[in-house]
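Protein chains in written order, with our numbering: chain A, -18 to 280; chain B, -18 to 280.
If you are wondering where the hints come from, they were derived from the structure by calculation, not from laboratory data. Heads up, a few of these hints could be off.
Copies of the same chain look alike in the list, so a pair counts if it fits in one copy or across any two.
Claimed, not checked - Derived lysine-lysine pairs resembling DSBU-like cross-links, with alpha carbons at most 30 Å apart: (1) 194 to 234; (2) 58 to 8; (3) 78 to 265; (4) 82 to 231; (5) 78 to 13; (6) -16 to 13; (7) 265 to 76.
Number of protein chains: 2
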Amino acid sequence: MAKWFDETLYPFYRQAVRIDETLFRGKTKFQKVEFHRNERLGRFLTLDGVIQTTEGDEFYYHESMVHAAMLAHGKAKSVLIIGGADGGILREVLKYKSVKKAVLVDIDGELIDLCREYVPSINGGAFEDRRTVNAPGDGAAYVAETDERFDVILVDSTDPQGPGIVLFQAPFFRNCRRVMNPGGIMVTQNGVYFYQQQELTDAHKHRLKVFKKAGAYVGPIPTYVGGHMAFGWASDTLDFPAVPVATIRKRYKAAGLTTQYYNPDVHQAFFCLPNNVRPLLGMKPDGAPAPRRAAKRKA
Amino acid sequence: MAKWFDETLYPFYRQAVRIDETLFRGKTKFQKVEFHRNERLGRFLTLDGVIQTTEGDEFYYHESMVHAAMLAHGKAKSVLIIGGADGGILREVLKYKSVKKAVLVDIDGELIDLCREYVPSINGGAFEDRRTVNAPGDGAAYVAETDERFDVILVDSTDPQGPGIVLFQAPFFRNCRRVMNPGGIMVTQNGVYFYQQQELTDAHKHRLKVFKKAGAYVGPIPTYVGGHMAFGWASDTLDFPAVPVATIRKRYKAAGLTTQYYNPDVHQAFFCLPNNVRPLLGMKPDGAPAPRRAAKRKA
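Sequences are here, hints too, so could you generate the full structure?
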């Protein structure tokens, strides 16, 4: 009988990945951790019963988060990564020669070590890069206290449940704004809105309380089931969706990137928001008929 | 203990939907059919163990197939639907006042009746529309024999396994071309390429054997797990991706459509092909470095 990893993210729906080999099962101070291997998806990491990343599709997520932000900014030298223990975000960030420093703050230092041992291909040597500062700790406390400043902030967190919920709320966003250089931008994972509508709506409202500009872009990740995943973004100065695709294309070529999923066309698609996500961001669905005005009544 | 519908599409991966109510289990002449209800996804249909459609996300698929083709064509009067027993494709096609006739040819007439009984919201009354010709039968035989001609052909089939495989091959495409009016276009479901690469590559080659132009566009469907689904297209005259989004927008507004997922921005995103799908269609990944030429050797 084959063994299966049954994801327990939703009560009414689950995905299951066949376990062809178990590499590790244990607990850190913060969470239950498992590493298994699957024929198609390769090695994969789960935290508290939820699939976080797989060797087979990690590049969809990491490339979508990193290159959208980095290429829209265009000249980021300093990058802050909150979460991201597996090192995939870090790996993509370090592809830019313009980057002088990348600080990674994941609350779970033990998890970083486990990822380096069991899914080394995901960080691809990024922790040995001399530009990397691996500073395990509480990301919310870090942005409240540090004197460092950043051009791009990437929040590669778990979903807004339990201790992670603070990473989706205004006080955290206010501190991110505090440590952001002029012209800076932040991007955060914001769930699969088909199943996690409220998470997107709530976090978007919190971002709008703090930043002059905020929104979300969308793209599918195979093992984050439910259609599009949303990435929330916020900035005081950069109108992210308005950066012309021609500019993105120029920067993409200039950076000499090789990507497995992302390209400038995909970048453009990120900002093509379907009718069912627009209202979650306070926008009218496209093509919806104008609401009928009630006929005036005499009193 | 909750009951679950475990999808058996892939040996190494499965999705499972909680069964909150079972409406029907049985067999037609062609396939094993189940209708269940799930709290989040509503009523859903499975054929031979594979989820076909759910009330909760059917609009992603039906709108993505129909409006892309119809708006790119721009003045379709006659539409042929191969498959599509649930009536969702038919419902979207009939939103166009320009359509005078929509012929639906699904091999499984019993299934059509079951869908009308158990998921009536998906057809939304489309089978009662006077423009509808419900002609249950073998789609491959229909296009080989009919004297009718069509502006748009939509192939809403199961995956290319068993008897459905002929709908992905050149002899079928040749007959589709035969029954197509000048300026016509066909669109076919072509699987989730993250898990079903070969299906896309193979069908694309078959389309290119027959039509002057062929390609694919992509979009995610929540319960067709694995990131993007691919829709194959083919035409002798219409360069589908080249239809300007401004034209699509004008036609979308003129048609007075209300859509839950699709809009002209989404249409544009359909043709933004990720690096990992491009090689399946014979295209180079964007941004990939030019292959190194082997140094010339003296003999």
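| request: Mind listing which of the numbered hints don't hold for this structure, in increasing order? | output: Per hint list: 2, 5 violated.
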